[in-house]
Structures are given as structure tokens and as C-alpha cells.
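Starting from the known structure of chain E, fit chains R and H onto it as the hints suggest.
Chains as they are written, first to last, in numbering that gives the first Met the number 0: chain E, 0 to 288; chain R, 0 to 407; chain H, 0 to 266.
Hints in this document: simulated from the structure, not taken from any laboratory. Since the structure is predicted, the reported quantities are computational estimates derived from the model, not experimental observations. Check each hint, because a few of them may be wrong.
Now the in silico label distances, taken between C-beta atoms and shown as ranges [unchecked claim]:
{"#": "1", "chain 1": "R", "residue 1": "Lys147", "chain 2": "E", "residue 2": "Ile140", "range": "30 to 38 angstroms"}
{"#": "2", "chain 1": "H", "residue 1": "Ile15", "chain 2": "R", "residue 2": "Lys49", "range": "44 to 52 angstroms"}
{"#": "3", "chain 1": "E", "residue 1": "Ile140", "chain 2": "R", "residue 2": "Gly97", "range": "54 to 62 angstroms"}
{"#": "4", "chain 1": "R", "residue 1": "Leu326", "chain 2": "E", "residue 2": "Pro141", "range": "36 to 44 angstroms"}
{"#": "5", "chain 1": "E", "residue 1": "Ile140", "chain 2": "R", "residue 2": "Lys391", "range": "33 to 41 angstroms"}
{"#": "6", "chain 1": "R", "residue 1": "Lys207", "chain 2": "E", "residue 2": "Val269", "range": "34 to 42 angstroms"}
{"#": "7", "chain 1": "E", "residue 1": "Val269", "chain 2": "H", "residue 2": "Pro43", "range": "52 to 60 angstroms"}
{"#": "8", "chain 1": "H", "residue 1": "Ile15", "chain 2": "R", "residue 2": "Ala402", "range": "46 to 54 angstroms"}
{"#": "9", "chain 1": "E", "residue 1": "Ala207", "chain 2": "R", "residue 2": "Ala402", "range": "51 to 59 angstroms"}
Think of the CB as a built atom: it goes at the ideal place given N, C-alpha and C, for glycine as much as any other residue.
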Amino acid sequence: MTASRRLLPWLLLTPALLIFAGLTLYPLGRTLALSLFATDYGFENAKFVGLENFQELWDSRFFRQAVTNTVVFTVVATVLEVAAGLGLALLLNRAFPGRTLVMTLLLAPFVLSTMVVTAIWRAWFHFDLGFLNNLLRAVGIPGVPWLFDPNLALWSIVLVDLWQTAPFAFLIIFAGLRLIPQDVYEAARVDGAGPWRRFRDMTLPLLAPYLFVAALLRSVDSFKLFDKVYAMTGGGPGQATETVSMFVYRQGFRFFDIGLASAAAVVMIVVAGLLAVVYAASLLKGAGR
Amino acid sequence: MRTIGKALGAVLMLAGLSLPAAAQDRLVIAGRDAGFAPALAKMVELYQAKNPNVKIERLELGGGPLYERLAVGAREKTAATDVAMLDDIWAPEFMARGWLTDLGTVGGLPGEFVKSAMDVSRHDGKLYAAPFVGNIAMFAYRKDLLAKHGFERPKTWSDVVKAAQVIQDKEQGVSGLVFRGIKGNPIVTSFLPVLWAHGGDVVSADGKAVLDTPAAEKALTQFLSFKALAPKGVETYNATELRDAIQQGRAAIAVEMWSSWAGTLDGSASKVANQVEVVASPGEVKGPAPMLGAWLLAIPADSPNKARAADFIRFVTSPENQKLIALETGNPPTLTALFNDKDLVAKYRWYPAQLEALNVAQARPRISQWARVETILGDYLQLALIGQLQPKQALTEANAQIARALSR
Amino acid sequence: MIRIVAAFGLCALSLIPLLWMVATSLKPPAEYVSTSIALWPQDPTLAHYRVLLDSGMWRLGLNSVVVALGTVALSLLAGLPAAYALARFELPRRFDIVFLGFVLVIKLAPPIALAIPLYQVLRALGLLDTHLGLILANQILALPFAIWMLLGFVRDVPYSFEEAAMLDGAGFVKRLLQIVVPLLMPGLVATAVFVAIMSWNEFLFALLFIQTPSKFTLPAFIATLINEDETLWGRLSAMGLIASLPVLLAVGLVRRGLTREVSVDQH
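Same shape as in the complex, but just chain E (with noise of 0.2 angstroms):
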């Protein structure tokens, strides 16, 4: 009964564990392997080169642009979608007729397939025809160039990604605004506070944890970019869409440079591991609280 006792979680674990060690701790392996070596498929005729293809990447001026990219993207994305979800469950915090059909429906952008939301935002900034301009120019504002003038083909993309993810970072603090107890504002009403000092005061501060874990699961999200700038800009004009995810593709399934684009592979999962270490830190906190 002992033995077989302390065998079974490792019987359950088994499946987990062979598929993660299968699908993802080998393929990690081979790709820390192959960043140090000079190959255009995988270790046969591969040269090693060490820490060249690191080398290359940071002298790399579109590795360089990709990571500006998909940085700026993150942070500005982030703080909007943020900032919109914290408007949204402010607004639906209070019941009121049709509250649960409302919610529902804002939903609904979040479950769309990525493809299809480019699909649609496509043909909504297409120079001449895209519903976008149309409107605009109906009303005697000149067409805006939404995805071919350099400094605004990412804001425009952040626009998409806003639209269809805001209502994901409105469920997290929804969760926590309706976690307040309401005895809190009570007594606060009673020492003569306003609606902003209250807000200020207390429903900020006791959100913080969730806006906090709204921002890190959309920064998360935001970083691996790659679904909408394929389909929406391949990147472009010129490098200004690129994103870190679009030059490992590019590098690896179109270049077949792959040890340039494992080496950039393994900067990426660096910088995961770093947003889950912190996600951990703040999930430790939370149940420690």
C-alpha cells in the first residue's frame, strides 16, 4: 500500500510529464543547442560558431527595431487595455437593467479568432475603400494612411489588439472590484469622503494586486505578438510592425537560418522565464495574504 502509495502521483503525473518532456523540454534543449551553431536545418553539416549568432542578433539593426517594436507595443498596449478594463469595471460595477447581457456581449471580441479580427480590421483600414476612411471622409476629414505610414502602422495594430483584449482585462478587475467589501466605502462615505477620494483612497489601492495581474498577463500576451502583424503588415512598412516573434519566423521558416533564429528563440523564453518569475513572486504574495 506505501509503495504503491508514494508510486501513484508519479503514475498520474506520467502523461503531463511525457508530453511536456516531448513537446517542450527537448524542443527547448535543441533550441539553446542550436543557437550556437551556424546551420540551415539541424545538426548535420552544422557548424559551431559559439556565441556568434548572439553576437549577430545584437549588431542585428531589424533585431534591434523587432525588440524596440515589440516593446513599445507591449508597454503602450498594456497600460491602454489596462486602463480601458479598470473604465469598463468601474462602469458595470453598479446593477442595472440588461447588466448581464452587456457584459456578454462586450466578451465577445476577446473569444474571436485572431485571424478573424484581422480579417475585419483589414478591410476597416484600407486606405480607399476601409470603413475607417469612409466614415472620416464623410465627414470631411481626409483619409488616415492606418497601415502604410511608418509612425502609425503599430498604433494602429494596438488599436486592434485594444479592441479585441480590453474586455479580457475588464473580466480580472471586475473579479476584484466585486471582491471590496462594501463596508469599506461605508465607513469612508461617513468621514465625509468624495467619489474620487474614494476611489483614490481605497478602490484603487485594494485593486492594485488585480490591476497588477491584468497588466502582467496582457504584457505576457503582447510580447509574443505574432498573429496580427502576419496577417495585417508582414511586418512592415519597412521594419516598423516587426515584432520579435515575426524575425524568429522569418529567420526560421523562411531564411532556414536557423541558428540566428534559435538564438533569438532563446532571448524570448529568457524573457518569459523573467515574466514568470515575477507572475510567480506575485502569486506567492497573494496566497500568502
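For chains R and H alone, coordinates are given in the frame of chain E:
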């Protein structure tokens, strides 16, 4: 739990059923989208009618995605494609790496094809592909507008700039010229005739990167001066936008006009019927060298249905079907005789001239890394076009990257 | 009152793109290739749906269903036992922490970073260009999610129920199937729906690992329709709507569960 198990079983069965069935008479065709799609669609329709038992699947992709899919499939031997449509610039890589089937082993290819298109389909004396679309880069201008402002057919790119400037200034709502500015293959293809006319090149005959020359810098500086004469947003222009700009009379000169786009110039949708002259590209310090842009059909080496694929390719390249494609979709043929065909010349007045151009056409560098070289050059050209890099810096950096790509 | 108007207004604003898609799927090309801002079609047509139906594109929906079901089944079959083990057993050397940390990294890592070697794994298994291969690859996204989510649900099932059954002499398997699984049902369903949505919408792996056109999932097919040169918005919208209906229905079903996921992420 039991239901989940059942569901899993059913799923595994379904997934198993969808494993590649080698015995099936199947034909998977991966080809281009846009203007090329109707040609293949028409051929599939006719071939299916004649061979109702074949299961035909057709995939339509843009140039970049098509290359990625074919190259990945060939490397990984996925056996997922039976007929592949290849840009002639990809052919050296596919042939040298042994990714294509020698057509001689599957019944050969009858017919007399245009020589330059045949040359790019051969490797080590063997024929690996069938010329499918006899595209060549031409140059187009509005003869009415140029004549109105006292210009003749531009002989050099400097003439082009002069004429375009005057028209841009004097004609309301008409841009001086238009070109494809979107990054990747299109901007490179737009730029190459200008580069060659200035005596520059991307890769030398002995396979070295040679973009960091004064000639190339002059060519790029001139090419960048086109932007001010082109419609707003030219950075994202591809074939459709260019053709629309010319057909709707919004631009006077097309820096490049591929014959497969020219098919509708005199059509009912065109506002400029019979006013657009399609001729060979201008020169500059050198005479013009028309650029070949043939599209080929080939059978990937890992195709499980080679005989069927070869049969389809012979069907598509037969004289009657090549003629049908040209008449109905405007994609130019590759069979020599068709360029002097009565019906075709009646519809496309420039065909005899095109045959001459095709016979002396210059293929883009025949190196197996061209796909990568082109992407690098395309990226830097666009950075220069949107003003983020000076011409000299763009060329120097592109040259270094290309040299690295060639060395690997 | 202002609150209600604002809520409904924002809601409407966020739905316009969806409304546009529905309307465009019913418009003849001349109506959407124009500068009109009319949302609703003047001359509605089902032509785009007919084209999709005739060309057998509905079969691609079947592919997406197969892949989604397979992804759900596998992630639950592997995820539930793992979550149970982590919740109920003391594992040596803080293995649970290490394991969960690793799961977290995988959950946060960009899929593209694993794609290149994964390609070679799938090829070695002979699973490239098969739905089974895609189902396996999808586990990278689905399994970490399933484990994290189910972990919270299992912890919520009081152990005393199981202890009571143990006193009655019920074996482990019986306990799991007769007590834990029924109590977990809402959690299992919620997890299944999320994994299904995730798989239904997954794009990168479908793009990379499926080659034969007839095996494409819906997002991979839609990507081939969003090409550079064309504005076939009618067909694209029809396809987009077909691809979206199942998830839009699902969101109505699991809105509660969505909030639940969030609280799982909190603990």
C-alpha cells in the same frame, strides 16, 4: 470519463483517417493568388471535368507565403504538394537542392517554349520545370499625356523623371508615375531595371555581393526620387494598386508593367483604353535589359502522385490551354508560336514585341540564395524609401547582409 | 442613467466591427467596394455563403472541430490526473513547485520560440501534416492552462469526501471517478470550453504544421484569404462569421466560468 475516452477514440480515428493516403488519386496544387489564380482555377476546372475521379485541391497564396510553404514542405519532405508553381528566381535553389522531379522521368514535356523561360527550368542538362506564364517586365506610359506635354517615349530613366515631373505639376489628379513600393519581392523587382540601367548589379557573375558601388548609389538615389512623383501610399503598392492607378488614369507612367497585368489595359474596366503604350524598359548609362519573370510548374521530389502531376502539367502547357489562359485571364503564354497567334495578337497588340523581349530577356541572378538576398534588399530598399536610411547607408548595410547570406 | 447609456453605448461601439462583418457577408461586391458608410446591405445576397458551401469549405470547419475535440480530450486526460497529483500528494523535493514553475514558463513562452524544434519532433513522429500532430502541438498551449485551471478546482473539492469513501473501502480509481470527477464537472466543462476556444482560434501551429489544403483549420484558411492583392471582403466575412459563431455561442455559456478562470489565476 468514459465519454471522454470514447470521444478521444473517435478523434484519433478521425485524425488517423486524415493521414496521407498514398493510393488515392489526388492532386494538390500550390499556386499564386491575385492575377495568376484564375488561370490555374480555369485549368483545374477543365481538368477535373475530363478526370472526374481525381481529387484536386488548390491552394492560393501570395508570393512570400507560397515560397515559405514550398520550401518548408520540400525540406521536411511532407509529400503535401504535387504541383508547385515557382517563380523563376526560386528555381535555382529548388533544382540545386534536389527538391524537384526530373520531368524526363515522368514522360517529358512536349512543345517549343520560349528559350529564356526554358533556360531557367533546366539544371545540369535536365528539365525540372515547365514554363507556365511568360512574364516579362515592360514599361508603360500614357502616350496621350506625354504627347500633350511634348514628350516622346522616354529613352532613359532621367527622361522618365523629367516627363513625370511636368505631368505631376500640370495635370490635376494625375501622378507622374507609379511603381510597386511594398517591401519584399515587389520593391526589388521595381528597382532592378533602374539598377541595371545604371550599370549596377546585386550579385556579380562570380557570386559576390556588389551593391556598394557608386553606380548602385546613383541608381537608388534616382529610384528614391520617384517617390515624390508617385501617388500617396506607394510604399504599400503591389500589382493591383499599380494596375488600378494606371487604368483609372491616376498615374501617367508605370515604372514596371508586367505583361500579365497588361491584359486588361484595353478592357472595359479601363478608362485609358488604347492610350497606354507598353514597351521595353528605359536604359540610362546602359541600354535596357528586359527582366524575365517567368512562373514555372514543377513536381516536388516528394510528391506521391508524380504521374498524375506530370499529366496535369502537360495539360496546362498544351497549345490550346495556353491560348485559352491568355485569352481568358491575360496571363501570357510560354509557347513560342502563340506570340504570333492571330487571335492573341488581336487582343494583346504588344505580343510580337514581347516575344522579342523574351528571347533576349535577362534572368535575375541565378543563385540558390536569391530568395534570401531579395528579402534583404527589399527590406533595405524600403527603409530607404520611407526615409529611415540614406541611400548609401542602405546599400552598404544591405551589401554586408547579402555577403553574409551568400557565404552560408 | 448616464451609466446605463454609457454601458450600452460602449457595448454597441465594440460590436460595430462584428456587425460590419455580418453585413458585409451579405453584401454584393459592388456595395462593399465603395466609399459608402452604410452598414446594412441594400440588396442582401447569400452568394458568398453559396460559394463557400459549393467549394466544400465547410469541411475545414470539420477539421477545426476534430482538432478542438482532440486537443480538449488530450489536455483533460493528461491535465486532470496531473492536477490531482499536485493538489493531493506531498511530492519530494518540492517537485510540485518546480513542475508548476516550468508549466508557468511554458504558458508564458512565445509558441514561435519552440516551433522550429517542434517541427523536427513532429517529423520524427511521422505526424507532420496530420491533425493528430496539431493536437499534440496544441498541448503546449492547452496543457499548462488545463493544469493551472484544474488545480484550483481540485483544491476546492473537500478531501473529507474522499476520506469518507476511503473508509467505505473504495479504491483510488473508484474514488476518482465516482466522487472527484462528478464534483469537478463544472470545472471540467469550463476548462474544456476554454481549451476548445483556444484550439479553435489557434493559428501559428496550424500554419506551420498543416500543409495539405484540405486539412487546414479555419484560421489557417482565413489567413490565405487575407491576401495582399484582393478585397474579397464578402467571402472573407462569410468565412469569418462561420468561424466565429461557435465561440460566440460558447461565450454565452461560459461567461461565469471566465470570471472563474480569473480567480484561479489569482490563487
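Measuring from beta carbon to beta carbon, are E:Ile140 and R:Lys391 in 33 to 41 angstroms? holds, 39 angstroms
Against the range 54 to 62 angstroms, how does the distance between the Cβ atoms of E:Ile140 and R:Gly97 compare: consistent or not? holds, 57 angstroms
Take a look at whether the Cβ-Cβ distance between R:Leu326 and E:Pro141 falls inside 36 to 44 angstroms. For R:Leu326 and E:Pro141 the Cβ distance comes to about 42 angstroms; the hint holds.
Note whether the CB distance of R:Lys147 and E:Ile140 lies within 30 to 38 angstroms or breaks it. For E:Ile140 against R:Lys147, whose Cβ atoms are near 34 angstroms apart, the range 30 to 38 angstroms holds.
So the hint says 52 to 60 angstroms: do the beta-carbon atoms of E:Val269 and H:Pro43 match that? The hint (52 to 60 angstroms, Cβ to Cβ) holds, given that E:Val269 and H:Pro43 are roughly 53 angstroms apart.
Should the hint that E:Ala207 and R:Ala402 are 51 to 59 angstroms apart at their CB atoms be regarded as holding? holds, 53 angstroms
Measuring from beta carbon to beta carbon, are R:Lys207 and E:Val269 in 34 to 42 angstroms? holds, 37 angstroms
H:Ile15 and R:Ala402, beta-carbon distance inside 46 to 54 angstroms? Between H:Ile15 and R:Ala402, where Cβ atoms are some 51 angstroms apart, the hint holds.
With respect to the beta-carbon atoms only, verify the hint that H:Ile15 and R:Lys49 lie 44 to 52 angstroms apart. holds, 48 angstroms
Checked against the numbered hints above, the structure violates none of them.
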